[in-house]
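Engineer: Build the full structure now, drawing on both the sequences and the hints.
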Amino acid sequence: MSAERPFTISSFYKFVTEKKLMAVQCDDCQNLLLPPKPMCTKCFSINLKWIELENTGTLLSYTVIHVAPEEFQSMVPYIVGIVEFENGLHLPGIIRDLPVEQIKIGMKLKIDFDPSTSNVWPEWNRYFFRPV
Amino acid sequence: MSSKPLVSIVSAGLSKFGRHEEHVGRELFAQATKEAFDRCPRLDPIKDIEALFIGHMGESYEHQGHTGPTLADWTGLLPKPAIRIESACASSGSALRTGIMAILSGLHKVVIVGGVENMTHRTTAEVTEFLAMASDMAFEQFNGITFPGLYALMATAHMNKYGTTEEQMAKVAVKNHYNGSLNPKAHLQKEITLKKALESKLVAWPLKMYDCSLITDGASCLILTAPEIAKNFTDTPVHVIGSGLASDTIGLYQRETLTSLKAARVASQEAYKMANINPKDVDVAEVHDCFTIAELLAYEDLGFCSPGKGGNLIDEGITELGGNLPVNTSGGLKAKGHPVGATGTAQAYEIYLQLTGQAQKRQVNDAEIGLSHNVGGSGATASVHLYRRD
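Same order as they appear, the protein sequences are chains A and B. Per our numbering: the first sequence = residues 1 to 132. Per our numbering: the second sequence = residues 1 to 390.
Read the hints as simulated data drawn from the structure, not as lab findings. Nothing here was measured: the structure is a model prediction, and the numbers come from that model. Be careful, since some hints might not be right.
Stated by the list, open to error - Rough simulated footprint, nothing fancy, chain B against chain A, three-plus residues with beta-carbon under 8 Å:
| id | region |
| --- | --- |
| 1 | 51-58 |
| 2 | 62-72 |
| 3 | 75-86 |
Claimed, not checked - Here are the simulated DSS-like cross-link-like pairs (lysine-lysine), alpha carbons at most 27 Å apart as the crow flies:
| id | chain 1 | residue 1 | chain 2 | residue 2 |
| --- | --- | --- | --- | --- |
| 4 | B | 262 | A | 104 |
| 5 | B | 201 | A | 104 |
| 6 | A | 19 | A | 37 |
Where a beta carbon is used, it is the ideal one built from N, C-alpha and C, also for glycine.
Structural biologist: The structure is reproduced here in structure tokens:
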């Protein structure tokens, strides 16, 4: 798999296109990397492999953005949060389909995938979080 | 005190902070150096100054890169070596560290360290985008997370874990606006009420407009020398006795915790150890209050209180001008303003004034030990410096 899918952020987003949440594991020390890195930053090995993560995690923190960059202004106000997946791996993202008054740190959220892509560089597919 | 000076500050300068429609950054830096030269008549800039180390975040603001030689030219210091140092909002804190290294190495005996940013001619949307470049492009910017958004994520986590309140954050703004009202060089020289802060427009909940620092134009500089020659230039040098610098992940989401900046903890421990002092020895501090929650985190990361107790320090008035440990006497980034590349050495400038008794209406009585704390991004860089009067 590594031949077609190098251990890069771009590969992570290619997996998003395929509706998969993928991280990288070091074959030598078992360290997990999310975002993926081209070298294990614990033992410096390049013996790496892709692993698929469970799609459900726990909300660590959130905010409601009212002043947004131009690309996101049409969505204001929108919620963003940081979600912890298995093995302590974290990702930030936009939380959809959840009224602000129902949001709570510690709640379960699942990652979902959006077929639309960013309309500016980098043109990756998008992921987001939603209630379980 | 047993601490040994690393370097000595023999002069310092600061442009007026604010909106400078008719100036570009290099002209503001010339204003800051002019003040530093005037304050130090025994210094011959052309003969004595050997190099410039300049904090400057980005060419996006002015479409001007290659800042080092530009500033050497505008300050009459060509052909001396002049290098730009970039660590986002901690750029000039890092430039100060670089100047210290240059002197400690023995390569140079007298250098200028400083910083500049010229931001107000850009729209808020543009500045928001330029500042966001100091966050993780691939996961934070890609998901529309702004800089206030990153600090809001820390604030929400702190509120959830420790019970910190929006009112405690607003009190930081009220304090720093009061201090700024006493500083003739501050961008905003007006007091605000707690009610006004709490009722201001939402930026990224729980942060409101008055929880956020200002987009500002400005420049700052220090003249550093080897301690053994400091008295050639001034009778009242201020000694830098500790310097800490540390890094962390570019993405906030990758950190071990959202309620503390590890880089700031590591940098402060390095600085305290070097200076051989404890947090309780500090008499006056300038901390990186880019957002009000950042000041509360700084109290905890710098060891002024235990984790989670930052809100108590502000409630008890300890960090007010008349308190036991005045913090951000200049008005901080919140009221003095935050021209990002200039901020680190502007903090050092305020400490220099405090330790030499030149802080006028905001003078802290008998201040002997000072601290500055400068953070880049959401905490991927932190620099902490400790100072002692002669």
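Engineer: Now, for every hint given, state plainly whether the structure supports it.
Structural biologist: Each hint tested on the structure:
no.: 1; hint: 51-58; verdict: violated (count 0)
no.: 2; hint: 62-72; verdict: holds (count 11)
no.: 3; hint: 75-86; verdict: holds (count 6)
no.: 4; hint: 262(B) x 104(A); verdict: 25 Å, holds
no.: 5; hint: 201(B) x 104(A); verdict: 23 Å, holds
no.: 6; hint: 19(A) x 37(A); verdict: 20 Å, holds
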